[in-house]
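Q: Residue numbers (this note's numbering), protein chains in the order written: chain A, 1 to 370; chain B, 1001 to 1285; chain C, 2001 to 2300.
Honestly, the hints are just simulated from the structure, not real lab data.
A virtual CB, placed ideally from N, CA and C, is assigned to each residue, including glycine.
Treat each hint with caution, since some may be false.
[To be verified] Residues on chain A that point at chain B, a partial pick, calculated with CB under 7 Å:
| id | residue |
| --- | --- |
| 1 | L56 |
| 2 | T60 |
| 3 | L74 |
| 4 | R77 |
| 5 | M83 |
| 6 | F85 |
| 7 | A89 |
| 8 | Y91 |
| 9 | H93 |
| 10 | F102 |
| 11 | G103 |
| 12 | A107 |
| 13 | P110 |
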Amino acid sequence: MTATGTITLESVTKHFPGGVVAVDNLSLEVQPGEFLVLVGPSGCGKTTALRMVAGLEPVTDGQIRINDRVVTRLPPRDRDIAMVFQNYALYAHMTVRNNMAFGLKMARMPKDEIRRRVDEAAMMLGLTELLNRKPRQLSGGQRQRVAMGRAIVREPSAFLMDEPLSNLDAKLRVEMRGEIIRVQRRIAAPTLYVTHDQTEAMTMGDRVAILRDGLLQQLGTPDQVYDRPVNAFVAGFIGSPSMNLLPAGLEADGDGCAISVGGARLAAPKLLEQRPALRGYLGKPVTLGIRPEDFGADGEDGEIEVTVARLESLGSELVAYLAPAGMAADTLLTARLERRAALTEGSATRVNVDVDRLYFFDPESGAALT
Amino acid sequence: MTTTLGMRVLKALAVTLIVVWSLAPIVLGVTTSLSTQREVNEGPSHWFPHHPTTQAYRALIGGTTGEHSGGTVTQRGEFVQSMWVSAELALLSASLTLVVATMAAYAFGRLRFRFGGFLLAVLVGTMVVPIFVVVIALFKLMANAHLIDTKKGLVLVFVATLTPLATWLLYTQVREMPAEPEEAALIDGCRRWQAFVRVVIPQMSSGIAAVAAILALSVWGEFLIPLLLTQTQNAKPVTVLITEYVGKYTTNYPILAAGGVLALIPPALLALALNKRITGMLAGS
Amino acid sequence: MPGRWNREGDRSARETQILGWILVVPAMAAVSALILYPLVKGFQQSIQSGGILFGELPGYVGTRNYRDVLNDPTSRDAMRHTLEYVLLAVSLELVLGIFVAVTLHRVFRGRGFVLAVLILPWALPSVVSGVLWRRVFDPDNGLLNSVLLHLHIINQPHVWLASGRGAIVYITLVHVWGVLPLISLIFLAGLQSVPDEVYSASAVDGAGPWRQFRYITLPLLRPSMAIALTVGTLLAISIFDEIYVLNGTALNTRSILIQVYNTTFVEADFAHGTALAFVLAAVTAVLGGFYALALRRSTV
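This is chain A alone, in the form it adopts within the complex:
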């Protein structure tokens, strides 16, 4: 199928009675065939935004367009969309086949066309043997596939998915992730996918939109949001284990500067050239971001003194929780190190960081300083 169709949100806002602003001026566009993930912590407004696109929640302000057709005030049935719910929302009293055929029957499609589409979708999803069963006879994963089948047969202009994998166990989740992507590529309709799990966002999305408290923080490809987070929240949200965020200071050091963090002092001669925005922060505090994988445990050459608080061996790598010297008690750095790193719990050692791979944020606004 050729990819057509877009989902457009323009300044969409949602006020709930009582003053809660669930979605604040959200604008984004899902390109034809694109899989766009809306991600953020609970309560960030992602589900509300999705429901507004679906027509299940009235819009306070803004416009929603599907394929450039304005749908903001239309009931769900007139929007030519399909949705997969977190709890599958299957029709319990109907067979799998009838579940999938329901939408087509409501559209008064001829019986043989319905049959053809249902059979095709069932084959795509491996549901052919289950067509005559009722939902209560199916496992969670099977139900999820029926929910997807129901959405696919409609051949809608847009797909909406509301945390469809949250109710599955970990292993099934990984399996279904691939399944969903595979199906979406074949259908090639623009898809808006909501989740709170940043791993899902990063592995599935063509682009990722991070929301917090109703506001869009950043919209970009997974690589973009990972390598160039626009603020400290995004930096801390994306990536697992999350980025270490520490208070630090910038001091002038000859022509360049040095970063003081805790008791350590890191020389960064080229820093001000690479990141001009930092010039305004000399002598002032900044928030320093270090990704766990950017630590190196080279023993004596390290610049930061730490005590190893805890080690978690994951087999393929080591996750070390390090207490840096000179920082507030309880501060722990998370570091992903090579398996061979010779560390023991409780011992003192030194680690170093790649200065070129450090992140800086304004301590009050959280904005990235580049």
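Go by the hints and put chains B and C onto chain A.
A: Structure of chains B and C alone, referenced to chain A:
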């Protein structure tokens, strides 16, 4: 938790007690209905009739006169007619109430509309009004509308008095049901009312069955309202008819007991058949 | 452009509003016409005089009927009896209800059968219950007399339903027989909401069954008790059917509703009858309020 032998014995005793307590009067009624008036007078050794007979049932259904039956007069066919009346009233009232209550419960539970909360409070609030208070004034109203002593009139009154309870029971059901299947139906192309009929009502089906049973049982057992609003056999349910068999001075027990037994068979069967659903619903409210 | 779409209302919201109204109209209409409207008319009647039939000029008499009714000795007896019914019935129901609920709480072989049997007394018309129990209390042929005579505990047949206190007790017994299943189910539901782990933990801590009952079960049943109390009271306060079948309108067992029935339909005094009925209505309204409160607290 391990139980000692003593505890198990106690429990068995308690269970037996409960079963005996629940069934004894019914069993007694059955045995009495199979006796003759004379046996009844003989005393405890004749609790279980030495010569069981269906004489009482025949008298009840076939009719008898005062002198032969120790004070209780029955007309031929009267009792059977009352049973039919009770059944019709129960079925009609339960069905109509269900229709009305299901619609209202869905509207209150799912749809957001103005004054919804207020109307629900009013509806449920009427449950505290003892029916008596209403029936007195209702009497005049219904007399004017020529509805006294008619089945139609009774059904109307029953529907009005049972709707609040039925709506409340179904409303709590609707609130506990997930809303997503209905939303999926809306996305699949349904208008609101279509989603209601094709998805929500099937979702509610077990609750509807339980409420239907409770309604039917309530109407079958209704006494006060029909007592006041009926005069002739036209619309007299079995509950009212039975009290007429209690003679002023003496009573023919076997006939009375036979009446009681026949009158309890339909509700007993219904209660036994839908037992699980009913207990579920009652416990939930 | 943003800002132009400030109205929350749109087509589906309007559809919802209209549908909502249509769906509740039948229920509200039925209730308004056949309950609320008569209620108002009935109240009107309670503040009017009895009219010519009673040798009075027709017209409004304010609270006279109410005062008459509250001062009338027969009515007061009826109120006293009703209070006795309520106190006795509710105490029995609470104790027996908890007993039944505790016994049937844990699954055991035949539990389904017991539950089915348990419901029967509630499912039967209370008139029929009265008929069945009448066999027990009848002075001439009743069971109780036969047994007691046979065992020589008494010398002549006792007229159970005529002796003041006793009659009330027996009628209450019949009433409780019919109501107990409902009360037991309320407690049973309350028990089910106590998670098993609490009992296991206490067993590990050394508590035996009686202690567990006193310190865990009982306190956690408090919300159920509130519900059971209100339901039981509401049902007992409007007791009618059982009394009518067992003892008719005899003075020694009159409840408020029997008194209302007698006043209104036997003496044809609608004015005083409705006044007394409204007194009862006021009390039940207050109780209904408690029920709503109790419900809210138990669904926390």
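Q: Could you work out which earlier hints the structure fails to respect and list their numbers in ascending sequence?
A: 2, 3, 13
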